[in-house]
Structures are given as C-alpha cells and as structure tokens.
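Participant: Quick note, the sequences are listed as chains A and B, same order.
For reference, each letter of the first sequence is one residue, going 1 to 203 in my numbering.
For reference, each letter of the second sequence is one residue, going 1 to 203 in my numbering.
Incorrect hints may have been included.
For chains that are exact copies, the list does not tell them apart, and a pair is met inside one copy or across any two.
Claimed, not checked - Below, in silico cross-link-like pairs of lysine to any residue (SDA-like), each with a Cα-Cα straight-line distance of 20 Å or less: (1) Lys60 <-> Arg164; (2) Lys152 <-> Trp65; (3) Lys60 <-> Arg47; (4) Lys60 <-> Gly163; (5) Lys60 <-> Glu179.
These are calculated hints, taken from the structure and not from any lab test.
None of the values given here were measured: they were computed from a predicted structure.
Protein chains: 2
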Amino acid sequence: VPVVDFWYEFASTYSYPAAMRVEALAGARGIALNWRPFLLGPIFAARGMADSPFNLHAAKGRYMWRDLRRVCDGLGLPLRRPEPFPQNSLLAARVALAIEGDVRPEFSRAVYAAEFGEGQSIAEPSTIVAVIERLGLNSGAILERAASGPIKDALRRETELAGRLGIFGAPNLVTADGEVFWGNDRLEDGLDWAIGGLTGRGA
Amino acid sequence: VPVVDFWYEFASTYSYPAAMRVEALAGARGIALNWRPFLLGPIFAARGMADSPFNLHAAKGRYMWRDLRRVCDGLGLPLRRPEPFPQNSLLAARVALAIEGDVRPEFSRAVYAAEFGEGQSIAEPSTIVAVIERLGLNSGAILERAASGPIKDALRRETELAGRLGIFGAPNLVTADGEVFWGNDRLEDGLDWAIGGLTGRGA
C-alpha cells in the first residue's frame, strides 16, 4: 500500500477543506495517509514574517476568504471565520501528535469543523477538551501527554523537517519519492503521483 | 454569449499553461474570452516588492518551478526557464494591446511559447518582431502603434483597473458579475461560474 504524508497546520484555512476531502480521495486510490500536523509560525518567522501572509497582504487575504467561501460552498462545508485569524494552533497540534492511529485524523477533522465550520477559538483549551471528549477519549490524560516534553520535542522536530522538505505553506502532500504538492487544489495530483500517474487536469 | 475577462501577464509562469488551455475550455462552455494583458510589476511595487515573489521567497520559487514542470509535463508543453526571470514584459504587453481581435490571443500564445517553451528573452525586440512576423503581420506598423501614447496609456489604465479589481497575481479570470478566479488551477471554476454553476472538484 503506498503511503503519502499529509502535512497540515490547524491555523491554515485551505487545510480545512483538504482535511475533509483527503481521506476519501486517498482511499479511492488504495493509498494510506500519514497525518502530520506541524506549525507554519516558525517557518514564517524564519523569513521575518510576523503574521499570516493573508493578513500582511490585504488583497490576497480578501481574495483567499472569497475563494475559500466558493470552495466550501462547492463541497457543502460550512464556513465561519474565527476571530482572531489566524488562531494560535500550538495546543491543537500538540494534542494531535499525542493521539495515535486513526483517531488523529478524526480529532483533526473535528478541530477544523469547530474552527472554520463554527468559528470557535481552538486556542481555548475548552474547545479542544470538548473535541476530545466528543471522540470518547480521556481529555485529562491526553492534555497531560500533549504538554509533555516528548510531544513538544516531536512537534518541534516535525516542523523543522517540514522546513527541510521545502514546505512553506499548508496543506501539503509529500510522496515517498519526495515530491511536494502544496494546496487543497493539488490533493488529486499528489495522490495520482503516488500511484504512478499524474492524470489530473494539469492545473 | 457569456464573456469572461482573461487577465494575464507575459512574465508570469502560470499564465503560460493557462494561455495554452483557456481558449478550448471557454469554447467548450460557449464562453467568449476577452484577453487583457496587464503588468504585475506596478502592483508588486505598490506593496514595496522589487522583484517576483518567486525570487524573493526561495522555497516558494523552488516549489513553483518544480510544480510548473509537473503541470507542463501533464499538458505536453515544453518548459525552459528564461534568463533572467522574470522577463521584462513591457514590450510584449504593449504589442498585445496594439493587436486587436483574434490575433491578440494568437500573438500572446506565441510569446509564451517563445519565452517559456524555448527560453527566449521576450524583452528583446527581435524576439517580439519574429513572433509578429510569423503571424503574417507587419511588425514595423505594430511596433510603432505599440510605442504610441494611446497604447502606453491603455496599458497603464488596464494595470490600474486590475489593481482595483483586487488582482495581485496572474493569471486571472474575472466574470461579468465581478468574481475573480486566480491561477491556472482556477480556470475551470471561473468558466463554470460564468455559465451559472460551479461544479468543479472544489479545489
């Protein structure tokens, strides 16, 4: 079974529709996904950017929100902008890393649904606790693990690796042969590449 | 017949596959295209950017060239990076505006083929002259018109209008109701929108 890495950032807008779409697209191609949360903040900071490019560049930001609305409408996904934007995603990313197996994608989709579907603040521990408990998990144990040294180190290492892979935005698919496909609009291409063809619309 | 504006910049890499694809996509939907060349330079300069974002941001630039290679391979289009990148596109844009009717798209595609298919310098008048003459046109008369006050003013006005429309990159489709679709990967969505549906893959 081919394995493709799905690199996502909880603060990233286009990671929301991507997280909702990618599992079905991978499954249809017989591909297993490795869900890898990381932080864009340190990658932006290394370039001297202190905020989201969508805030630093007003026209691009206005376009992104309109485009995201069209994308979500097309997928039947609700969209509500969280305040502030971007959300601090550190807690969500640590919790995601603290959750192993198939529950990590479930948790991740639920975080995106709360953040961009309902406009909730994912920087609030209460939001994350509610998501964990709706999944039937023990939030106390998971939050303790998420705050531990090994998980903090793991998130730091993942973020450093993302930078070394050439990642500068989110979401991304990275195939076993090292090809990076950036954006919700490259999911099909990245997955097709992983099974030996790139038969998308060339877009 | 619905009319959609195709805003393109001769120095823009993704405008190359878009220019090669867009006419067939529009025709299949019964849409007429209005080819509108403009300059990104003044739009970037207004934000204090003195170069292409693909040069200012090394990781993004490396990704773009790799992604463009995959896109062009998928479409069967040759790709050769022109030096320097980006090319000064002022002459090509003025000449395109000086050419009316169906010949403007033909000229524009031929410029892209020379620039990104063969790696030629489109800042060189000899390149533009050769393209004009291969189309069977009188290059002397067209270059004279391209250098005239009305054409210079028209390009300035088009570029200003692009900025007012919220355009910050290229290529773009702009529909009659003012929706902007940015990127080679939004051509289908923009054209579908213009005929009353957005049934793309939601990407």
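Participant: All hints are to be evaluated individually against the structure, with a verdict given for each.
Facilitator: Quick rundown of the hints versus the structure:
With identical chains, the CA atoms of Lys60 and Arg164 are at most 20 Å apart between copies only, with a shortest distance of 13 Å across copies and 26 Å within one. Proximity of Lys152 and Trp65 under a CA criterion of 20 Å is satisfied in neither setting, with 31 Å inside one chain copy and 34 Å between copies. Taking the shortest alpha-carbon separations for Lys60 and Arg47, both the intra-copy value of 18 Å and the inter-copy value of 12 Å come in at or below 20 Å. Taking the shortest Cα distances, Lys60 and Gly163 sit within 20 Å of each other only across copies (11 Å), while inside one copy they are farther apart (23 Å).
With identical chains, the CA atoms of Lys60 and Glu179 are at most 20 Å apart between copies only, with a shortest distance of 14 Å across copies and 26 Å within one.
Hint 2 alone, counting from the list given before, is not met by this structure.
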